[in-house]
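Enquirer: Counting from 709, one number per residue, gives the positions in the sequence shown under my numbering.
For the record, the hints were derived by calculation from the structure and aren't laboratory data. Since we're looking at a predicted model, the values are computed, not measured.
Calculated lysine to aspartate or glutamate pairs in the EDC-like style (CA-CA distance at most 16 Å, straight line):
1. Lys770 - Glu806
2. Lys810 - Asp823
3. Lys1007 - Asp1033
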Amino acid sequence: MLRRIYLPGIFLFLSFINLNGQQTSGTIKRFGLFDSDEPLEITLRCDVTAYLRKKAAKDYMKAELVFNPDRPDSLAKQVRFRLRGVFRQRYCAMAPIELNFKKVKFGYSDLDSIDKLKMATQCGFGTDDERLVMREFLVYKMFSVFTDTSFRVRLLRINYIDINGHRKPMTQWGFFIEPASMLEYRTSTIQITSDNLTQKHIFPFIMDRLAIFNYMAGNYDWSVPGQHNIKVFKPLNQPWNEYGIAVPFDFDWSGIVNAPYAQPVESIGLKSVRERLFLGICRDIESYRRQFQLFESKKDKLYSIINEFSYLNSREKEDITGFLDSFFIQLKGNQNKILIDLKTNCKNF
709 MLRRIYLPGI
719 FLFLSFINLN
729 GQQTSGTIKR
739 FGLFDSDEPL
749 EITLRCDVTA
759 YLRKKAAKDY
769 MKAELVFNPD
779 RPDSLAKQVR
789 FRLRGVFRQR
799 YCAMAPIELN
809 FKKVKFGYSD
819 LDSIDKLKMA
829 TQCGFGTDDE
839 RLVMREFLVY
849 KMFSVFTDTS
859 FRVRLLRINY
869 IDINGHRKPM
879 TQWGFFIEPA
889 SMLEYRTSTI
899 QITSDNLTQK
909 HIFPFIMDRL
919 AIFNYMAGNY
929 DWSVPGQHNI
939 KVFKPLNQPW
949 NEYGIAVPFD
959 FDWSGIVNAP
969 YAQPVESIGL
979 KSVRERLFLG
989 ICRDIESYRR
999 QFQLFESKKD
1009 KLYSIINEFS
1019 YLNSREKEDI
1029 TGFLDSFFIQ
1039 LKGNQNKILI
1049 DLKTNCKNF
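Assemble the whole structure, with the sequences as input and the hints as a guide.
Expert: See below:
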């Protein structure tokens, strides 16, 4: 059900969910799609040639999706999919996918509550493409260290099988991204959209944390106005004129990922995504210092996520931790430099 709610100065579209959304199918079994850190193996049987030629850019294509293939608990259903991601549709051989589960009944309450499910894919076919999708997966995991109001992810081993037999089967890495409806249910929030939203409409501490996280990650490709790589949620137990919660996604343009195609636009003045740019709102210095303390307290957990991830080699891990070191060294020994950077580039919305 879609309702329109008018607030002073803001026109909000609120997409309400059934608070019992996890049980809408009448089933009680859970698949646990986002409950495990173990990779999930899936098979996508489709017209792979049409997919690679971007035939699904606008219209949905049919596919058979199989969870846990070749196992006793395998689950196969007919679904539809189309491409997502504006830039990666143009640039990548394997564009990201949006799976459509409408009218599909899996027999598991969490799967049956999903209408659409985003799947991040490798951009291409090489080992470099493997490491890039792994690195983006880790950024999602790192942000979840700071808050439960973050998109959960599930690592995937994806088998692509061409139903026409024109291409050999191939297996690649990817990951599922938690649907907004599942995040709503899990966190007792509701998603809102509006062209009038700015950083001033977000809880200040939450907004600052997100902005500094993206600064740490070397990610400038986000914006609250227009909800570019940001979704905004409102707590259900708060008045409608209270603040919202901003949640980021799509980190492929970040310095942590360091994708070869991620070249900063000339207007922002960066030579590389490994240069940091703060895009947060202007605050007093003490507000920033409180955030610095939070980030320092989470440092060990962030590094453990990277170092304990068994699907990247030591060179990749050292590259990511080395990039983070340049942020945490400043927090520890030269906060004035980072404070000047934040105060110089902050936004007055």
